[in-house]
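J.: What follows is each chain in one-letter form.
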Amino acid sequence: MTDDDLVSLYRNVSREEPPPHLDTAILRRVRREAWMVRNRPVIIAVAACLLVSTYFAAPHRAPQPQPPGGAAISLFGIDDGRERFIAIDARPARPGMNTRPTTQQ
Amino acid sequence: MQGLAAALPFPMVGMARDCGRQAALASLSDETLMSRYRDGEPEAFEILYRRHRAGLHRFVRRMIPQDADELFQDVWIAVIAGRAHYMPSARFVTYLFTIAHHRAVARWRRRGVVMAEEEALDAADDAPDPLHATLNAELGLALHDAIAGLPLLQREAFLMQAEGGLSLEEIAQASGASKETVKSRLRYAHKALRSALEAWK
Numbered sequence: 001m002t003d004d005d006l007v008s009l010y011r012n013v014s015r016e017e018p019p020p021h022l023d024t025a026i027l028r029r030v031r032r033e034a035w036m037v038r039n040r041p042v043i044i045a046v047a048a049c050l051l052v053s054t055y056f057a058a059p060h061r062a063p064q065p066q067p068p069g070g071a072a073i074s075l076f077g078i079d080d081g082r083e084r085f086i087a088i089d090a091r092p093a094r095p096g097m098n099t100r101p102t103t104q105q
Numbered sequence: 001m002q003g004l005a006a007a008l009p010f011p012m013v014g015m016a017r018d019c020g021r022q023a024a025l026a027s028l029s030d031e032t033l034m035s036r037y038r039d040g041e042p043e044a045f046e047i048l049y050r051r052h053r054a055g056l057h058r059f060v061r062r063m064i065p066q067d068a069d070e071l072f073q074d075v076w077i078a079v080i081a082g083r084a085h086y087m088p089s090a091r092f093v094t095y096l097f098t099i100a101h102h103r104a105v106a107r108w109r110r111r112g113v114v115m116a117e118e119e120a121l122d123a124a125d126d127a128p129d130p131l132h133a134t135l136n137a138e139l140g141l142a143l144h145d146a147i148a149g150l151p152l153l154q155r156e157a158f159l160m161q162a163e164g165g166l167s168l169e170e171i172a173q174a175s176g177a178s179k180e181t182v183k184s185r186l187r188y189a190h191k192a193l194r195s196a197l198e199a200w201k
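Protein chains in written order, with the numbering used here: chain A, 1 to 105; chain B, 1 to 201.
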C-alpha cells in the first residue's frame, strides 16, 4: 500500500460531518456582524437620539410640579365606603391655630 | 434573466438574485472568497465555511476528541475576528490549519501533553496492536483506530495531508516545523498505519 493509497483510503472511510448546531452558531455570528456593519449609521443615530432624549428628560432638566400647600394628600387611603371632602387652609399658620385638615361628612 | 425577474413576484426576484450570486461566488477560489469576506461580503464566508467545515471538524476531532466542537468554533471565530488582517500570501487552507494547529497546541499545553519530537517518535512503538485493529468490523474503523494511536505530531501531519490536502511545505508552514521534520513525521505515520492495516490484505 503506497502513501497515496493510505490517504485515499482515509478519505473514503471518513465522511463525518460537524453537528448542525455548530454551523448555526458560526453562520449566525457572521450574519449578525454583517447586519451590524450594514446598519451601523442607523444604530448610531438611534443610540444618539436615545442618549439626548434621556438627558433632556432627566429630573434636573424638567422640574416636577410640587403639590399645593406643600403636602400631598390622597383620598384613596381612606376607604370606608363614604364620600369625604377635605378642606385645606392654605393661609400661613398662626400660633395656636389648628393646622390639621378638617374632615366633613 | 431580466425577463424572468420581471415575471416573478417580488420576494422571488430577490431569491433568484441570491441564487445567482451564490452560484457566481461558488466558482471563486478560497483566497478570493476570503478577500471578499474581508471587504464586507458575508455570503463569501458562507461558501468558504461550507467548503472546509467537514474537513476541519474531522481534523480537530481526531486531534482533540474531548474538545473538538469547542476547538472547531475557536478556529472559525479566529478566522472571523482576524479577517481585517487577512493577506492572501498562502493558500487559505494553510491559513486555516495554521490557526487550528496553534489552538490545538495551546490546549495540549494546558492539559500538560508533551509534544517533544523524541516523545512522539518513541510513542510510535506504542501504536495499537494490529490484531486489535483487525477485530474491528470495518476497515474504516481499523484505520481510525490506528490514526488515534499515532503520536500527536505524526497524527497532525497525516491529517493535514489527508483532510486539508496540504503539501509538505504547507504542513511545515502550518505546524512551524522544518520540511525534513514533517517528512520524517509522515514517514513514521504511514509506516504505523500500514502495519496496522497489514492484516486486511
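Hints are computed from structural coordinates only; laboratory data are not their basis. Just to be clear, a hint being listed does not mean it is correct.
Computed from the model, here is a short list of chain B residues facing chain A with C-beta under 8 Å [unchecked claim]:
| # | residue |
| --- | --- |
| 1 | CYS19 |
| 2 | GLN22 |
| 3 | SER27 |
| 4 | LEU28 |
| 5 | GLY40 |
| 6 | PRO42 |
| 7 | ARG53 |
| 8 | ALA54 |
| 9 | HIS57 |
| 10 | TYR86 |
| 11 | LEU139 |
| 12 | ALA162 |
| 13 | THR181 |
| 14 | ARG194 |
Using N, Cα and C, we set each Cβ at its ideal position, and we do this for glycine too.
J.: Now tell me, hint by hint, if it's right for this structure.
T.: Verification of the hints:
{"no.": "1", "hint": "CYS19", "in the structure": "17 Å, violated"}
{"no.": "2", "hint": "GLN22", "in the structure": "14 Å, violated"}
{"no.": "3", "hint": "SER27", "in the structure": "21 Å, violated"}
{"no.": "4", "hint": "LEU28", "in the structure": "17 Å, violated"}
{"no.": "5", "hint": "GLY40", "in the structure": "7 Å, holds"}
{"no.": "6", "hint": "PRO42", "in the structure": "4 Å, holds"}
{"no.": "7", "hint": "ARG53", "in the structure": "6 Å, holds"}
{"no.": "8", "hint": "ALA54", "in the structure": "5 Å, holds"}
{"no.": "9", "hint": "HIS57", "in the structure": "4 Å, holds"}
{"no.": "10", "hint": "TYR86", "in the structure": "14 Å, violated"}
{"no.": "11", "hint": "LEU139", "in the structure": "7 Å, holds"}
{"no.": "12", "hint": "ALA162", "in the structure": "5 Å, holds"}
{"no.": "13", "hint": "THR181", "in the structure": "17 Å, violated"}
{"no.": "14", "hint": "ARG194", "in the structure": "6 Å, holds"}
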